[in-house]
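Chains as they are written, first to last, in my numbering: chain F, 529 to 903; chain H, 5 to 469; chain R, 2 to 529.
A couple of the hints might just be wrong.
Simulated coverage check for chain R against chain F, where a stretch passes if three residues somewhere in it have a Cβ under 8 Å from a Cβ of chain F [as the list claims (entries may be wrong)]:
1) 203 to 214
2) 221 to 230
Simulated crosslink set (EDC-like; lysine to aspartate or glutamate; CA at most 16 Å straight-line) [unchecked claim]:
3) H:Lys238 to R:Asp222
4) H:Lys24 to R:Asp64
5) F:Lys898 to R:Asp220
6) R:Lys408 to H:Asp298
7) H:Lys188 to R:Glu49
Using C-beta positions, here's what the derived DEER-type ranges look like [as the list claims (entries may be wrong)]:
8) H:Arg167 to F:Lys797: 20 to 30 Å
9) R:Thr505 to H:Gly32: 43 to 53 Å
10) R:Lys392 to H:Val20: 16 to 26 Å
11) H:Arg397 to R:Asp132: 27 to 37 Å
Don't read these hints as lab results, they were simulated from the structure.
We put the beta carbon where it would ideally sit given N, CA and C, even for glycine.
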Amino acid sequence: MSFEKKLGLIVNPIAGIGGRVGLKGSDGAEIQKKALELGAVPQSLNRAVEALERVTPLKDHLEIITYPSEMGEDAAKKCGFSPIVVGSIRKGETTAEDTKNAAKEMLRLDVNLLLFAGGDGTARDIYDAIGEEMTVLGIPAGVKIHSAVFGISPRSAGDLAVLYLRGRCGIREAEVMDVDEEAIRRGIVSAKLYGYLRVPFEKRLVQGIKTSSGGGDREAMEAIACDVVERMKDDYLYIIGPGTTTRAITSKLGLNKTLIGVDMVSRGKLVGTDVNEAQLLKLLQKHKAKIIITPIGGQGYIFGRGNQQISPEVIKKVGRDNIIVVATPEKINSLRGQFLLVDTGDRAVDKMLSGYIRVITGYNEEIMYKISLER
Amino acid sequence: MSKKKPTVYPYIPNSVSTIKNQMLKEVGAKTAEDFFEDIPEKLRLKKNMNLPKPLLSEYSLRKHIEGILSKNKTCQEYLNFLGAGCWQHYVPAVCDEVNQRSEFLTAYAGEPYDDHGRFQALFEYASMMGELLNMDVVNVPTYDWLQAAATSIRMASRITGRREVLVSRTISADKLSKIRDYCKPEIEVKLLGYDPETGQLDLDSLKFEISSKTAAVYFENPSYLGFIEAHGDKISKIAHDHGAICIVGVDPISLGILTPPIEYGVDIVCGDLQPLGMHMQFGGGQAGFIATRDEEKYVMEYPSRLFGIAPTSVEGEYGFGDVAYERTSFVLREEGKEFVGTAAALWGITAGVYLALMGPQGMREIGESIMQRSRYAMLQISKIKGVKCPVFRSTHFKEFVVNFDDTGKTVAEINKALLRRKIFGGKDLTKEFPELGNSALYCVTEIHTKNDIDRLANALKEAVE
Amino acid sequence: MEDITKKRYADGKPKLRRFHQAKWDEPIIFELSKEGERGILIPEVEDEVKNEVGDVMSTIPEDMRRKQPPKLPEISQPRVLRHYVRLSQETLGTDLNIDVGQGTCTMKYSPKINEQLARMPQMAEIHPLQDEETVQGILEVMYKFEQILKEISGMDQFSFQPGGGSQAIYANASIIRAYHEARGEADQRNEIITTIFSHPSNAACAKTAGFKVITLYPDEDGYPDLEALKAAVSERTAGLMITNPEDTGIFNPNIEEFVKVVHEAGGLCFYDQANANGILGITRAREADFDLCHFNLHKTFSSPHGCGGPAVGAIGVTKELSKFLPVPVIEFDGSKYHLNYDRPESIGKVRSFYGVAPVVLKAYAWVMSLGAEGLKEVAEVAVLNSNYLFKKLLEIRGVSAPYAKGKRRIEQVRYSWEKLTKDTGVHSEEIGLRAADFGVHYWTSHHPWIVPEPCTLEPTESYSKAELDEYIEILRRVSEEAYTNPELVKTAPHNSTIHKIDHTPLDDPSQWAMTWRAYRKKVRKEKE
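Next up, chain F with everything else stripped away, as it sits in the complex:
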């Protein structure tokens, strides 16, 4: 079996380096210098190597394209690859621009898969550069990550890359998040859904054989959309949170959903796009409503990470019984048994939400899943 594939590799040399030594963010030459002075040790090289080692069996069939020295060349060579090195950087002073340029270059060179080592910031940079035009996969590099575009571990990322290159994976859209942990700790809710990247996913973790309730992620979303749309009632307003699964619902109605905002639908028509809390509350004065939401990001939050417009007030007015949670089987499996989480900012509302809830996972298919306040 022979095939020639191109694997792009970008390593963000100082991803998360700041956080460890108490510095916010890690972009910019200044912060990098400061961090190294404070004794920070770059993690991403090791993580990248861990992932790449899994890919070595494909060495003879694979062309690795990467950026110079600490942005990928070092990691590739360490694993025994002879990569094609493109672009140029200033060693020790790499910036977000370098990441973006690298990604654009890889797109131009038509790589089959782009592996990148870093954190949420790196994911955002990649997204800014190439959006959903290429399949990418993140190697987690040591910081708490909210975006759902990363492997569970560097090794898993490597394994998943191999499976994808062998054609044994499906593709799905995964959320890129902008979460300020520091601010959250200080009680400021500031998580944002930034955008979506196209990532591989391992089918065997979800697909049914003997059940033959087939389909990949896209099909699961369509099934969910069919189910939800069929049950929509005319006398309700539907508040639809961000997410690819919820977007499938609006698509089914022939509507265009905002990518990362909250929209409102009534009687099959859009009656509000990218609305804020105030707009929601105004409409709720006169109308009954249901909320349709899906877990966002890699941590399993259904409220509080990317849909804060659906505030505690809104939730209270709508009522727990009118909350519809949707999630594909793949999404549920990626939670690996962890609960769904809520962090609305209002402890009492969080408590009200916790407990078992029905999650629609297909057409005429639901599961009972637990919502918790914390892990």
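Starting from the known structure of chain F, fit chains H and R onto it as the hints suggest.
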């Protein structure tokens, strides 16, 4: 009372006390009871089950079973003219030899490596059926024709997104019952009329009933009542004109001489494999097949496994595997692909052996000989006073309806008389098709000699006098 | 000569066998075809018959007459036999291997005496529609076996009509539907609850029967989550469909509460007893208050698997639900056995005739050879074997068994190679393929893989301690290899019939070929 020596069972190697105790010790349990400690006391059976005394020696077991089964009268001792869904055809010795092979008999769900033989045998069965039907996709067998027909209909419904099926009236009551039950959640079943003279599906009835709600039209060829439907092309055209799928149920042993349904526009073909090398076994030899063209929208709707051929890392080596393991649906409505499970694979392999032995010449010869014998039977029976045979003015394959209205006798009475002469008469249709009066469905195959048929004719003559 | 056995044993234990599967590199049957060869000849039609009937072929309507003969292969008889015997050799049936690796399939010994009995003419050469008088024997067997299953399960009536476990589950879903319909609640009650570790057919069949399926995930200990169940029931609940013990081998200690909760909500409870092998004579569906259950006669009751059928899924119900059973049912009036079709509320036909009678016969013979004590022995030894494997396997590097820490398992265990995979990068499937190099099967799990890198082993009662030791030794060896020579494991199998399959064509519509004719057209680009 003295303690009985614990029985050592031949089927249970570790029932030997010393071994059992050794294992218990290694596992850290005192008795086997320990393993059930997590089962609530309330749910535990307090006493031994009240079952018949065991026949521990193989000899006594054999005597016991043989004793019971000897109360059966076989179709070797009696002359059999029953069909109606299970038919008596000759089973080549090699077919039995292959499906008795230890490996085939006891294999199940191994990988395409350790069970390569099973995969190849089933791929070859599908391939030979494919040649018989001129179709490129054939499934791993399902339970029987009833299931194959019901699944074909639901497949058509998923593909077209429609919820109604039109079904020929001249199918068995059993099949209709199965279709109704299986389609109940989603699909409405409507029956089409037939011409009382010829039995042929009434095209006017079809044109009247069909609409843009129709997912499929289902009929059988030959019909359950034995005649050959002559207007398959018209039926499929009407179906297609309305965007419906055309499904036909066939008898595979007729396909050496009858044209494959795809030639007259049929989209899905189904049927029973039993005539191809399976003994009747009181209805235990049934196996259903479904075949379609090799188009993604059809392939994706099969609930059964489909085995495809694939290369391996060694040049020139054949490998096999599941095709489209994850079936996606082209219909927006995801209803799920029914279910798949243990069904009738061994009979599929056997059907493959049968077709390989028969070859194109054998299939042609058997088809022709069956028609010759059944036609001879129809001629002899029609000579009997008061008997109308065949009831339908059409060409028949191996089965035909015989009417006894003018004899003043019921089918039940006639069959009892035949039974006394050690003959199994045709299936009593009076309840199933009341409009046909006192009628029975007779089946004649390649196993019936001229003498057998003459004997039947004579016996019928005496029975109606 | 030197003692050969000296080299076969080490420390008194046999070394691992140097297995190689039969490898015939056998062509596809079409490639054996030689024009003119015949495999069997048809009985000739007598001249008098031919003369009287004339040319029958011309009586076939023109459009219905076959124009071109089917392109079946033409092969002489011995070559056909040889082909299939070779393919048979390339198949690892239970009769050949220590088949503990096909978890949930209950691959036990299928006694040969039962095969012989089922092939007697008195079983094989009887037509299902023969006058009842002439089939009293087989009706007696089926009726008597029904009585046996009634005792084993505690249920009131059985049907053997379903042709397998999945069809049985579907039939039971159909009965649940009929029950609610009769009470006018069918529209209201359209939800069936099941668990993720129940057999996937529970969900699939319920869905096929038109129900909405609510799946419960297990709690942290791997038990079906009772709290989740309570949150899931409502006035829309039609029933619960649950396998117990589940496919992880864990018996749900709250099974009675599960049934109570669902009954209180107005639903029926169905017990999927595909995993009954470890609880025969130990516990029953009745004691837990179930309304319906089914058994796989080709699993617990020893009928052979036949590569995937024929089979029987015997369904049992309480008195209240008997009227819904598929038709006909077998009854006994004290002297004769009858087929009763007068069942107006029956769900109708599930399968042709009365089910696969030979499978029922084999199951009956199996039970008759064991009796109540024997069945209990089956359960106890099956569970002992499973717990023996359980203990020994956990001693192997890289193996764990998630859930129910410290608790027993029943007849099977789901293991995880997660640690080994983390350490070595070798996956469960690869371990399985390397195990095949030693002549055994190995099965991971149904999808979805909740347990990572799974492996499910079910020994049943049919294997000796020595055989179990051999299987354990095989897995120990493969584990060792994963740590010391992972490439050997990752490139397995090496001693099998064929080498690593390239699956890519199988998912590509432009390349897949499910018949030889499709292959010739698509890949060899042959014209028709």
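(request) Starting from the hint list further up, note which numbers the structure goes against and sort them upward. (result) 3, 4, 6 and 7
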